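Visitor: Next come the chains, spelled out residue by residue.
4 protein chains.
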Amino acid sequence: MTTEAVKNALRRQEIELPSWAFGNSGTRFKVFPQPGVPRSPEEKLADAAVVHKLTGVAPSVALHIPWDKVDDYAKLAAYAKEQGVRLGAINSNVFQDNDYMLGSVTNPDPRVRRKATDHLLECVDIMDATGSRDLKLWFSDGTNYPGQDDIRDRQDRLAEALKEVYDRLGDDQRMLLEYKLFEPAFYTTDVPDWGTSYAHCLELGPKATVCIDTGHHAPGTNIEFIVAFLLRVGKLGAFDFNSRFYADDDLMVGAADPFQLFRIMNEIIRADALDPDRGIAFMLDQCHNIEPKIPAIIRSVMNVQEATAKALLVDRDALREAQQEGDVLGANAALMDAYNTDVRPLLADLRSEQGLDPNPIAAYQRSGYFEQIAHDRADGQQAGWGA
Amino acid sequence: MTTEAVKNALRRQEIELPSWAFGNSGTRFKVFPQPGVPRSPEEKLADAAVVHKLTGVAPSVALHIPWDKVDDYAKLAAYAKEQGVRLGAINSNVFQDNDYMLGSVTNPDPRVRRKATDHLLECVDIMDATGSRDLKLWFSDGTNYPGQDDIRDRQDRLAEALKEVYDRLGDDQRMLLEYKLFEPAFYTTDVPDWGTSYAHCLELGPKATVCIDTGHHAPGTNIEFIVAFLLRVGKLGAFDFNSRFYADDDLMVGAADPFQLFRIMNEIIRADALDPDRGIAFMLDQCHNIEPKIPAIIRSVMNVQEATAKALLVDRDALREAQQEGDVLGANAALMDAYNTDVRPLLADLRSEQGLDPNPIAAYQRSGYFEQIAHDRADGQQAGWGA
Amino acid sequence: MTTEAVKNALRRQEIELPSWAFGNSGTRFKVFPQPGVPRSPEEKLADAAVVHKLTGVAPSVALHIPWDKVDDYAKLAAYAKEQGVRLGAINSNVFQDNDYMLGSVTNPDPRVRRKATDHLLECVDIMDATGSRDLKLWFSDGTNYPGQDDIRDRQDRLAEALKEVYDRLGDDQRMLLEYKLFEPAFYTTDVPDWGTSYAHCLELGPKATVCIDTGHHAPGTNIEFIVAFLLRVGKLGAFDFNSRFYADDDLMVGAADPFQLFRIMNEIIRADALDPDRGIAFMLDQCHNIEPKIPAIIRSVMNVQEATAKALLVDRDALREAQQEGDVLGANAALMDAYNTDVRPLLADLRSEQGLDPNPIAAYQRSGYFEQIAHDRADGQQAGWGA
Amino acid sequence: MTTEAVKNALRRQEIELPSWAFGNSGTRFKVFPQPGVPRSPEEKLADAAVVHKLTGVAPSVALHIPWDKVDDYAKLAAYAKEQGVRLGAINSNVFQDNDYMLGSVTNPDPRVRRKATDHLLECVDIMDATGSRDLKLWFSDGTNYPGQDDIRDRQDRLAEALKEVYDRLGDDQRMLLEYKLFEPAFYTTDVPDWGTSYAHCLELGPKATVCIDTGHHAPGTNIEFIVAFLLRVGKLGAFDFNSRFYADDDLMVGAADPFQLFRIMNEIIRADALDPDRGIAFMLDQCHNIEPKIPAIIRSVMNVQEATAKALLVDRDALREAQQEGDVLGANAALMDAYNTDVRPLLADLRSEQGLDPNPIAAYQRSGYFEQIAHDRADGQQAGWGA
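If you're matching them up, the sequences are chains A, B, C and D in order. Just so we're aligned, residue 1 is where the first sequence starts under full-length UniProt numbering, counting upward by one. Just so we're aligned, residue 1 is where the second sequence starts under full-length UniProt numbering, counting upward by one. Just so we're aligned, residue 1 is where the third sequence starts under full-length UniProt numbering, counting upward by one. Just so we're aligned, residue 1 is where the fourth sequence starts under full-length UniProt numbering, counting upward by one.
Just so you know, the hints here were simulated from the structure itself, not pulled from any lab data. Just so you know, not all the hints are guaranteed correct.
Repeated chains share a single entry, so a pair holds when one copy, or any two copies, can fit it.
[As the list claims (entries may be wrong)] Think about it this way: if two alpha-carbon atoms lie no more than 30 Å apart in a straight line, the pair counts; the simulated BS3-like pairs of lysine-lysine are:
id, residue 1, residue 2
1, Lys53, Lys30
2, Lys115, Lys207
3, Lys163, Lys7
4, Lys53, Lys115
5, Lys30, Lys81
6, Lys30, Lys163
7, Lys235, Lys75
8, Lys7, Lys30
9, Lys81, Lys163
10, Lys75, Lys7
The structure presented is a predicted model; accordingly, all values stated were derived computationally and were not measured.
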């Protein structure tokens with residue numbers, strides 16, 4: 001691919017920001033508050049808009065209900081537009097009510113299941129108001145002890161709730177079903193792996209697709225294999241990007257294993273699935289427990305861009321030829337050549353061409369935005385996971 | 001369940017033995033030969049017959065082609081019958097020919113793919129001759145290095161080969177598709193997890209089902225969840241039983257984590273899927289690198305029996321009631337009560353009622369069989385993985 | 001060992017309860033409050049005393065500072081005595097102050113290090129007041145991102161702080177240094193494994209020993225090996241018992257892998273290290289996020305007792321003889337025979353002989369204690385990790 | 001560091017090649033033979049010399065006894081010199097004799113222990129003849145089943161053997177004690193982790209140091225932490241470099257996680273421990289199961305060079321300043337800036353300055369060496385692990 005073709009592809013790339021990444025977060029041991037943290041959905045959108053303004057690649061913001069609950073979603077959407085961004089996926093939350101201690105849609109108690117499903121349906125109502133295409137479903141449902149509940153019954157309950165929500169979706173709406181190996185459930189999780197998510201999506205129909213959170217796998221899982229597999233069968237709907245060294249899903253995407261991120265993006269490029277028209281949502285879903293939120297998100301966006309640029313630079317003809325010939329080292333070298341390229345100059349050029357500062361982090365630091373919000377938001381209740 | 005009902009269920013249980021477990025095996029570092037190891041398929045059958053004679057629960061023997069290749073399979077089946085056992089699943093082997101260095105049915109070279117598929121078709125021919133119901137497919141196919149081959153193309157090639165073999169199956173024949181996280185492939189494996197196997201089986205049709213090898217998962221994978229899930233969707237075809245502490249799949253089933261084996265059998269009993277009529281094959285697939293083969297296999301069979309007996313003893317009414325009430329500790333206790341029960345007396349009784357020695361290991365040691373084979377089989381080429 | 005000898009050993013067993021296990025706990029996603037949860041250190045002691053009264057084996061209670069901070073520790077000790085228990089290890093907490101975001105004793109900022117070390121010294125003051133022997137140190141210190149801080153400098157800072165605290169210990173006081181692979185730090189942890197803890201303890205001197213938390217290891221780690229190794233070199237000081245299927249350390253000890261707990265206790269018995277005089281502290285350190293606290297703790301205590309009883313029942317002569325002869329299956333069988341024994345009748349007998357109810361869980365449920373505390377403690381602030 | 005300083009450091013770098021990497025290797029399933037594979041220690045040395053000639057950085061070759069057993073080691077050393085390389089570490093092999101089925105120096109049978117220790121002593125004799133400084137010890141010793149042998153007794157036996165060998169070492173000789181989590185032992189390994197190796201080395205004395213094989217850890221282990229820790233206490237003796245995605249240790253170093261290799265080399269540079277005078281041996285220890293041996297080794301050497309160059313490029317002042325200020329993102333960025341640099345032009349320059357071809361792989365392919373050995377070595381017995 002020529003440099004110009006690479007740049008053209010990068011110009012069309014879109015990365016969705018999660019509203020909650022701008023709020024305080026932490027571990028079960030401690031949430032460390034940070035200066036300047038937003039106190040409202042509007043302030044989160046304002047911060048996200050800064051990221052988009054500096055990077056040019058993050059035009060939409062995912063909401064989390066009820067963390068981002070407002071009275072008037074149309075007004076919120078208008079506010080977003082004013083800031084230069086749009087509202088993205090709606091994320092449901094059925095894990096922070098006392099009723100959900102033993103599960104939400106898979107709870108043994110039908111009353112709790114009803115309540116949980118009603119929340120999901122409410123999220124579709126919100127999508128109608130915001131014009132969001134995607135409903136992202138993550139269920140913390142599961143059990144902590146062998147015997148605690150019936151694994152199979154819980155699948156039946158899950159299927160029933162998913163069906164009801166699926167049937168409620170409009171023509172242009174989709175359901176993204178996320179999976180996670182464990183946490184907060186410590187023995188079984190009701191959607192623990194891509195196979196479970198895929199099987200349910202297949203049963204539901206074309207509007208249901210799998211969401212891959214890069215931090216939600218067992219040690220050693222080959223994520224790019226899953227990406228390639230789901231692309232092949234047309235069931236990859238979205239990514240939740242983040243990274244990790246152990247079992248958490250908190251770190252900035254690309255921070256723990258940049259080579260893995262490159263391999264994932266390589267499968268996307270291989271399948272020509274980068275363009276927004278292809279319907280795959282590239283979202284961040286990460287925490288910034290100890291680092292400042294906004295520059296951490298800028299850095300994350302840049303990490304995805306760099307991995308994408310490298311993947312675009314792979315000499316596909318050389319790669320395919322070496323693969324066909326069984327030239328193990330040659331094929332590996334074709335991939336590594338792209339990975340080992342320093343794409344930062346190319347991205348700096350691209351930004352300059354787009355009228356952006358070639359160095360978004362430096363531009364942010366010079367902007368005075370942080371000092372401003374640290375001052376303006378000194379009072380009030382900072383947003384956080386429990387907000 | 002009454003003790004009598006438990007015994008009745010256990011009386012109908014069947015565990016299939018792998019012919020190769022009687023041969024020499026080892027690690028990549030060393031194969032330690034053992035005295036008395038069989039030199040032919042017939043001697044493997046003779047050893048397996050001893051296990052069945054002593055335990056009463058292992059009436060069939062799986063073959064591995066070409067390790068168990070003979071000129072006349074009908075004659076081999078007759079010999080098995082004479083010994084008191086029958087021939088079971090046919091296991092294909094597309095990993096030990098120099099041509100398969102870069103894969104068998106997923107090899108980039110169409111000539112190698114043809115050769116591999118032809119071997120699979122030959123296995124179905126053998127099934128016709130032996131009367132075997134099950135064709136077990138394990139593919140070592142995969143890649144060692146990023147870029148080495150195209151992940152998605154390999155899935156296309158896999159699907160094509162599976163389809164050709166599937167179409168060749170007779171009305172009473174089935175295909176069991178095994179998955180494995182890694183080894184011998186060290187970067188991608190073409191059928192790495194249950195989701196991949198399930199997706200292919202679903203596409204193929206009702207004669208294709210998933211085979212769960214208990215040693216083939218990423219660390220932390222909840223195997224009983226997979227069992228429950230596949231039982232729910234009617235796609236569980238077989239088990240390859242063994243156990244492990246790390247990434248291997250070599251140890252005697254139940255040796256590393258007897259509680260896990262119990263939880264697996266508990267899902268089988270929960271779904272009323274123990275009876276051979278239900279169509280699930282319970283097979284051993286393990287190595288005995290440093291321990292004597294025959295008593296190790298007897299022990300393995302007994303471990304499965306004990307786990308089954310415990311699972312049968314679970315008070316299902318108490319369990320379900322506690323689950324429905326959200327009584328976490330009560331439900332867990334209902335399961336643990338069964339697990340903590342010493343079922344060895346019950347099994348000893350059962351064996352006595354069946355005219356067997358209550359202690360199969362002791363009976364084997366008294367039998368003089370080992371001394372006999374150690375003497376008789378002193379010459380010749382011992383069977384092994386590479387045989 | 002005769003049944004009587006087993007019972008005698010069990011009569012002398014002591015398991016220490018953590019005060020914090022009686023309070024509310026949870027995951028980063030949600031803390032589910034439970035009825036009857038204590039509102040003060042005294043109420044935690046009262047609950048712990050109930051566990052001891054019912055099991056006869058849990059005579060001491062570990063405190064966590066500042067969660068259990070009181071004005072008068074002598075008075076608290078007297079209250080404990082009145083309830084029938086005594087105060088045990090003092091656990092420091094240098095992870096819940098905003099200053100500790102980048103570490104406590106290993107923080108790059110000397111002011112924060114001073115503050116953290118002062119807290120540890122204060123804990124020794126408290127030990128003087130309570131008469132506690134053990135100071136348990138767990139450091140959440142570490143980094144989240146490569147480069148964030150200098151790994152080696154942090155070891156220097158750690159060594160310096162440990163030295164200062166060590167020198168402050170009285171003649172009858174000890175330091176227990178706990179290790180943990182990760183969480184809350186997600187890239188490096190300053191005391192991540194037993195080797196690091198051991199190396200520091202060795203440098204410090206005889207009053208410093210390693211504390212093994214059974215939930216703090218990388219996947220696949222053989223914990224009983226570490227137990228055996230540390231016993232051999234005289235550096236095992238304590239256990240923090242809990243269990244897990246994944247990377248957490250929350251579940252009731254023995255719940256996830258009862259066979260592992262047995263193997264750990266088997267090394268203790270092998271080294272004759274069960275008796276309190278041998279100086280090893282057997283402590284619980286677990287959460288009860290979704291199950292009622294008191295019966296969960298009773299169950300945990302019973303799980304340790306059962307594993308201990310099984311380990312005591314191992315026929316050591318038969319085991320050793322088989323080991324010496326290289327009889328792999330015989331040696332394994334000697335161990336498994338003990339594990340497969342149902343020791344619940346023996347423990348019920350022992351309790352009866354001790355004037356206890358043979359079934360502590362049932363006795364607790366009949367006692368009305370839960371109903372009482374659920375009623376009495378309806379108001380006020382429930383204790384929790386953040387309390 | 002200036003470019004010139006970086007180049008100067010790289011000019012002094014030395015990477016040791018393992019003779020066995022040039023021979024055939026494989027998995028337990030299959031060894032795929034390759035054309036041109038050496039048939040003798042001399043041919044292995046000739047191949048290694050080619051790697052050194054092309055890269056300029058691999059002047060020594062480690063031997064494996066008995067795989068590289070010859071009658072006259074002085075003559076072999078002279079042959080090596082003639083080829084342009086020298087003999088390096090002597091690797092013992094106590095895992096491929098039938099006697100070692102249940103262990104070598106930790107075997108319950110004193111006769112086997114004697115035999116194993118005698119082999120180790122013989123290796124020191126060979127070192128005397130070859131002038132090698134390092135004795136590398138890897139013990140496959142361990143057990144497969146709980147109870148199989150006494151964990152603690154095996155440590156006693158290990159300590160005894162190590163002591164005898166240590167006492168035999170000459171003034172300029174060292175012992176490198178390698179550790180490995182598992183394989184071929186599947187339950188306990190007698191030297192499973194760095195802590196065990198470190199503890200034994202500490203007891204032995206200054207001539208005993210730890211060897212880190214990058215493929216021998218539990219999932220999630222932070223290897224650079226171990227590097228930093230051992231450097232701090234002066235007990236890091238050597239690396240065995242390779243890489244892996246799962247539990248194997250077979251792939252080319254840097255192939256699976258190039259960022260990890262960089263972080264490891266970063267700790268080396270941080271401690272100024274790259275120079276050969278510092279006494280740390282940087283050795284490859286890997287297999288090339290499906291890729292051609294010589295170019296795979298050239299590639300591995302280049303991967304280490306590239307990681308080293310990047311580590312040398314880290315702006316240490318900027319890094320330290322950001323660390324001291326608690327600037328998480330700034331410190332991480334300082335590290336990543338170096339990692340993201342494309343150092344291939346710098347290394348190509350360096351090679352040109354050294355009179356080498358800037359592209360060693362291309363130079364090898366043009367050289368005709370492979371065609372030559374494929375032709376010349378068509379007959380005879382190819383070297384392999386079992387040779």
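Visitor: Hint by hint, say whether it matches the structure.
Guide: So, going through the hints one by one against the coordinates:
1. For the identical chains of this complex, lysine 53 and lysine 30 are neighbours neither inside a copy (32 Å) nor across copies (34 Å), given an alpha-carbon limit of 30 Å.
2. In this assembly of identical chains, lysine 115 and lysine 207 lie within 30 Å of each other by CA distance solely inside one copy; the values are 23 Å within and 40 Å between copies.
3. Taking the closest pair of Cα atoms, lysine 163 and lysine 7 never come within 30 Å of each other, the shortest separation being 42 Å inside a single copy and 42 Å across copies.
4. Taking identical chains as interchangeable, the C-alpha atoms of lysine 53 and lysine 115 are never at most 30 Å apart, the minima being 39 Å within one chain and 42 Å between chains.
5. In this homomeric assembly, lysine 30 and lysine 81 never come within 30 Å of each other (Cα to Cα): the closest approach is 35 Å inside a single copy and 33 Å across copies.
6. For a Cα distance limit of 30 Å, the shortest separation of lysine 30 from lysine 163 across copies, 27 Å, qualifies, whereas the shortest one inside one copy, 38 Å, does not.
7. For the homomeric pair lysine 235 and lysine 75, neither the shortest alpha-carbon distance inside one copy (33 Å) nor that between copies (49 Å) is at most 30 Å.
8. With identical chains, the CA atoms of lysine 7 and lysine 30 are never at most 30 Å apart, being 42 Å at best within one copy and 44 Å at best between copies.
9. Taking CA atoms no more than 30 Å apart as the test, lysine 81 paired with lysine 163 passes in neither setting, with 33 Å inside one copy and 51 Å between copies.
10. When the C-alpha separation of lysine 75 and lysine 7 is checked against a cutoff of 30 Å, the pair qualifies neither within a copy, at 35 Å, nor between copies, at 60 Å.
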